[in-house]
Every structure is written in C-alpha cells, then in structure tokens.
Amino acid sequence: MRRVNRALLLLLGVAAWAGVALTAVLITFNMGDKNQVLMFLPIVAVVVVAWAIGEVVTELVFNRDQGES
Amino acid sequence: MAALARAFERRELRDPGLVRAVFGNTWLAPIWLFLRLYLGYHWLMAGAHKVWGGSRWIAVPGPDGLGLKAFWDRAVAIPQQGSPPISFDWYRNFLTFMLDHGWYRWFSWVIALGEVAVGIALIVGAFVGIAALFGAFMNFNFLMAGSASINPLMFVIAMLIIFGWKTAGWIGLDRWVLPTLGTPWQPGPAFKSVFRRRVANEACPVCQMPVEVGRSPTSVFNGLMYLSCCPVCKERLDAEPTRYLAPAAGTP
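Residue numbers (my numbering), protein chains in the order written: chain A, 1 to 69; chain B, 70 to 321.
Hints listed in this document are in silico derivations from the structure and should not be mistaken for laboratory results. Predicted, not measured: the structure shown is a model, and the values here were computed from it. Any given hint could be a false lead.
To be verified - No farther apart than 25 Å at their CA atoms in a straight line, the calculated lysine to aspartate or glutamate pairs in the DMTMM-like style are these:
hint: 1; chain 1: B; residue 1: K138; chain 2: A; residue 2: E55
hint: 2; chain 1: B; residue 1: K235; chain 2: B; residue 2: D133
hint: 3; chain 1: B; residue 1: K235; chain 2: B; residue 2: D169
hint: 4; chain 1: B; residue 1: K138; chain 2: B; residue 2: D169
hint: 5; chain 1: B; residue 1: K235; chain 2: B; residue 2: E81
hint: 6; chain 1: B; residue 1: K138; chain 2: A; residue 2: E59
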C-alpha cells in the first residue's frame, strides 16, 4: 500500500476517535442530564463505530502489508 | 531463620482461571465497555456542571472556586447536634488548611478539568486503568468529605475497571495504545530503541529460537532483560531461570 494511502487511513482512525471525544463532550454539555438514556446511546454508538473503523484501518494498513510481503 | 527465608522466598501466586477470564480475557470486553462508558458519562456530566453549567466553579465573574469553597465550608462545619459530615479530624484539618489558604481558587480548576479529562479518557478508552484510578481517588475524597450521592457506586465500578485494566479498554483506544507502548516489564514497539541496549540475549534461552525486541515476551533477572521467543518459553524461563541462564553466565 502506498505511503500516502497508509497515512490517510491512519488519519481516518485517529479522526474517528477524536470524533468520539468531541461527540461525547458536545452531547453532554449541550443536553445536560435531561434524559440519560438518550445521551448514553449515541455515545455507545460512536464508540462502536470508531472501534470498527480502527479494526478496518489496522487490517488494511498492517495485516495486508504482512500478507503481501 | 530458615522459616523466615522460606516465608519470604520468591513465589508467583497464579490467579485462578475465573479471575483471568473476567479480568484478562477480551471476551468480556462488551461488559467492560458498558461499565466504562457509564462511569465516563457520569464523570463527564459532573465535569460539565462545574465547567459549563449555570452554577459552574470556574471561569466565573469574580474569584473562581466559590462553589468548591461552599462545599468545603459545609464539609468542615461541626453541627451543634448530630455527627459532622467528616468523620476523621485529620481530613477536616486538611480541608480547613486549604480553605484558610484560599486554595479553592486553583483547586476548582483541577477538579473540574480533571473530571472532564477522566470522563473523556474512559469514553474513548485511553489509559483506562489510570483514568479509573484518578476517578476513584476523586470519589474517595468526595466520600471522605461526607458527600455520598452516587460516589460509592462510581468507586466500585472504578475499582473493577482498575482490576480489569488490560481488557476494559479493548473496545477503545487501549486496543492499539497499550500494545504500542507496552508495559514497564514488557515494552512495546514505541520503546523498542529505549530498551534495545539493555537486552541480554539474541536467542531464546529456552529453545534458542530468534527473539525480537518489542515483540518477544520479556523477563528481568539480575537487572538484565531477557527475551523469550513465546509465552511458553517465558513461563519455563521464569520458573527455572538458573537452569536456562546458567550456561550464558560465563559468556561475555
């Protein structure tokens, strides 16, 4: 895989987790504790999505390279 | 003397399978995720009230930390009847000292931003064990100051996460951060160059297979780090270091 593509994929993985932190802060600070379940669910969802993105990025950036070599 | 020597000789007490399955196996990662997010959410919420809310502690007109000062004032007060909020005199004296010196002005920033930081770290799953430790320390102090609220529940969850630090962040950033950084007893690739000079062997002492710094399991004997090719060889080396390291002792 080209170095640029690797860097972009890694950037995507980092951005996904930065997005989790940003989403959690925005949700918590803007919604208060009016409905804890409604706040909790989107935070769970973004964590799971970021984790899945991280797994895909790891597979593409590292494991595929090992297979090709 | 023999009894003392026997009592303090080095023994490694292994955890039972159930403990390893709960605290050291990734199959329970979804449960840890739930506990971690619940705790992180509550810390973030508590921090949000202190940083952002209408009755926030910091960045207010006038001196910061008046909310914390009011909390400490209530905590150190000794009522005419009934028991005081703080049970230990030394802790009351400690809070009184901080009140007298006006430390609430800067300490309110530490608490408010600390709560937000712990919340974010737990939610993204970065350094989960350390974040839970700091969270538990804050719970401990709130409890010592006589504020129960949900602190006991948060303290228990934090302690569980501290015990399960290896897997609590598996569905989180620790999935990548911990293997990269490693631990003091088994450094990861990020510290490969730092520890390179201290490694004592180039082949596994047990089976003579090649080893690699940053990937191979490590053991430390007499201040030197030895790499094993696999966890099985590491267990054998740890169990009988003199058997496997003795031949190498004479070599330069």
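Against the structure, the hints come out as follows:
Of the pairs offered as hints, the one joining K138 of chain B and E55 of chain A is violated, with about 46 Å between alpha carbons and a cut-off of 25 Å exceeded. With a C-alpha separation of about 38 Å, the suggested pair K235 of chain B and D133 of chain B falls outside the 25 Å cut-off, and the hint is violated. Pair hint K235 of chain B plus D169 of chain B does not hold up; C-alpha atoms about 42 Å apart against a cutoff of 25 Å. With a CA separation close to 10 Å, the supplied pair K138 of chain B and D169 of chain B stays within the 25 Å bound.
A threshold of 25 Å between alpha carbons decides the hint, and for K235 of chain B with E81 of chain B the separation of about 19 Å falls inside it, so the pair holds. At most 25 Å may separate the alpha-carbon atoms for a hinted pair to count; K138 of chain B and E59 of chain A exceed this at roughly 52 Å.
Of the numbered hints stated above, those contradicted by the structure are hints 1, 2, 3 and 6, listed in ascending order.
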